[in-house]
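Participant: Please model the entire structure based on the sequences and the hints provided.
Protein chains: 2
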Amino acid sequence: MTSSETGESLWPSGACPLPRDSDGRQVTLAHGEGGRETRRLIENCIWKLLPRTRYSGQGGDAARLPRPDGALAFTTDSYVVTPLFFPGGDIGELAVYGTVNDLAVMGAVPLWLSLAFIVEEGFPMSDLEAILQSIAAAATRTEVEIVTGDTKVVPRGAADGIYLNTSGVGVFVEPIPPGPDQIQPGDMLVVSGPIGRHGLAILAARENLGFEPAPLSDCAPVTDLFRAVRSAGVQYRAARDATRGGVAAVCQEWARASRTTFCLRESALPLSDEVRGASELLGLDPLFLANEGNVTWAVPPKHLTELLRVLHGTDLGRQAAVIGEVRPHQSVSVVVAGRLGRERVLEEPSGVPLPRIC
Amino acid sequence: MTSSETGESLWPSGACPLPRDSDGRQVTLAHGEGGRETRRLIENCIWKLLPRTRYSGQGGDAARLPRPDGALAFTTDSYVVTPLFFPGGDIGELAVYGTVNDLAVMGAVPLWLSLAFIVEEGFPMSDLEAILQSIAAAATRTEVEIVTGDTKVVPRGAADGIYLNTSGVGVFVEPIPPGPDQIQPGDMLVVSGPIGRHGLAILAARENLGFEPAPLSDCAPVTDLFRAVRSAGVQYRAARDATRGGVAAVCQEWARASRTTFCLRESALPLSDEVRGASELLGLDPLFLANEGNVTWAVPPKHLTELLRVLHGTDLGRQAAVIGEVRPHQSVSVVVAGRLGRERVLEEPSGVPLPRIC
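So the sequence lines, in the order shown, correspond to chains E and Y. Each residue of the first sequence is one higher than the one before, starting from 1 at the first, in this note's numbering. Each residue of the second sequence is one higher than the one before, starting from 1001 at the first, in this note's numbering.
These are calculated hints, taken from the structure and not from any lab test. Ideal Cβ positions, reconstructed from N, Cα and C, are used throughout, including at glycine. Any given hint could turn out to be false.
To be verified - Listed next, the stretches of chain Y that the computed footprint assigns to chain E, with coverage defined by at least 3 CB atoms under 8 Å from CB atoms of chain E:
| # | region |
| --- | --- |
| 1 | 1097 to 1110 |
| 2 | 1114 to 1120 |
| 3 | 1136 to 1150 |
| 4 | 1162 to 1175 |
Facilitator: Structure, rendered in structure tokens:
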């Protein structure tokens, strides 16, 4: 055993790449090694920029949290979106809203998030700080606490900037929605707002499509929608945020789960001017475009009016619309009735429309 | 809006890279897009290889779990180790044991894990399957259920093979250990077995050091140790698995948290022949080498004998040893008493001994 003054001198020559940046403007490999630099990054940057809450910054290997009041909801998502900063949002708020929304649509109140970074060596510290500020604002807005985390740094070329993972814990609130397999013929399909905005925003930002102004992502928390729906006692079968694969993927999954056929009305789909224009110009189907702040509901007809009334009273749901209905099972899962009344089959999303959208 | 038969034709020419592999032997971008290929990968590969448990494979955006019996433990870790398969383990079991161990050392019984993949396009499907099998075996062994997950695929060059994230939820069992800030002068420091094995295994595998046989990682769950310690009613102040930064990092953190000085005895450190030999040959300090199945305890002197007795009765703890003691605060945090009685200061780990160790 050899005594040593510092960690740097512990390693055989060549096995110890030195940090390439010591002025603090970039993330270095040392920031991920669990020693002094990691501690300083966590203490001076991460915990400093994140909100101080009851259960944050405890140290130790796991957060200690109170016993929840009911059944537990647990979800995880990694975020690999590119570009990291896009019109209408960034990877930080996406990572908070995405996971919070996954809990909310299941009928749970989001409580606690974990936050794990995989950062590429050389990543600008200013971008990391901007992402952390964005995470902080999103967590405060949605009243979730970031209670545990992890930071790994990989060498240049082993990641593309930064990847995040957030896992979320929430508590279910009664009555818990029965779920997609309880969807019945006659149920109505509702979306909370214009569809396809996140997908178009990322596509436009990445492919330099030159739209002016740049189309904005709909990246937003849907927690207010669910608070309003719960307060009003509106009952629904199932809810889902239509992210990757768009509203088409949700409809496909639900139709299969409930052994029904979904019929969507093309003329009823709420579209922003940007999505309508770009879809016509580029031959896109907004049903396949991703959303990051949009909920699809299946609701029994007798609760439809009340659901729409409640949604129309919220900021995010002002343009909520009925987009179709559920029929007894036919040979296909989802059909779309066009403007001239002709029905076409909506296929399950497939292939690679646009990688790294979230 | 344009009608379309498949997702592939939705995109303007050039915006839609086709999967480069359609024979199923590699992971393609389409596997991460939330449509048909993602569903098939999840249904036919991921859920098929993972254990079927009460709460697995529910579908939906979040798992629905029962109300836990007590205070909740919540932790997260990303795993970026290279090589993915190393002597004594692989990234899959590391991702299960690492997160399970983080819960166990805090005094919680691990219950549920999330599992998120970031996979590089072109990653061999056979390697993904091997990793899933390893995850399955590790989850079964530690009696945790994998209840929710996520799969993202990034283009070639945007990751190095595969990265995992597991987050873990557990329930605390009374009495909850008081924690590092309650460590007192006079407390004894115990490790559960030979130190530095994971760090050396990764270093040897990566730098082609040519050791024969190759040094094995100590990658293992520590849950049995804690079950035994709890059953015997042994009280301790704090426990920690000494991963990145090694036992040195744990001692530094604890000494700071308790405003004491830790004194380690060099001759008392349990070392495998491989770690002893490699440390002498290469000038490594085993205190800085990572472990992945090794616990450090701070224990009041009156519980020391019982702790050692219990540990020595377990598979993992047969070589448990007292490595030092806690003194009143001096000017430094950690000292190491050498074989000739001279004391040296143990610095906080710093720099980049070996990136991507876990």
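Participant: Decide, hint by hint, whether the structure agrees.
Facilitator: Each hint tested on the structure:
1. 1097 to 1110: Per the Cβ count (6), the hint holds.
2. 1114 to 1120: holds (count 5)
3. 1136 to 1150: holds (count 4)
4. 1162 to 1175: holds (count 7)
In this structure, none of the earlier numbered hints is contradicted; all agree with it.
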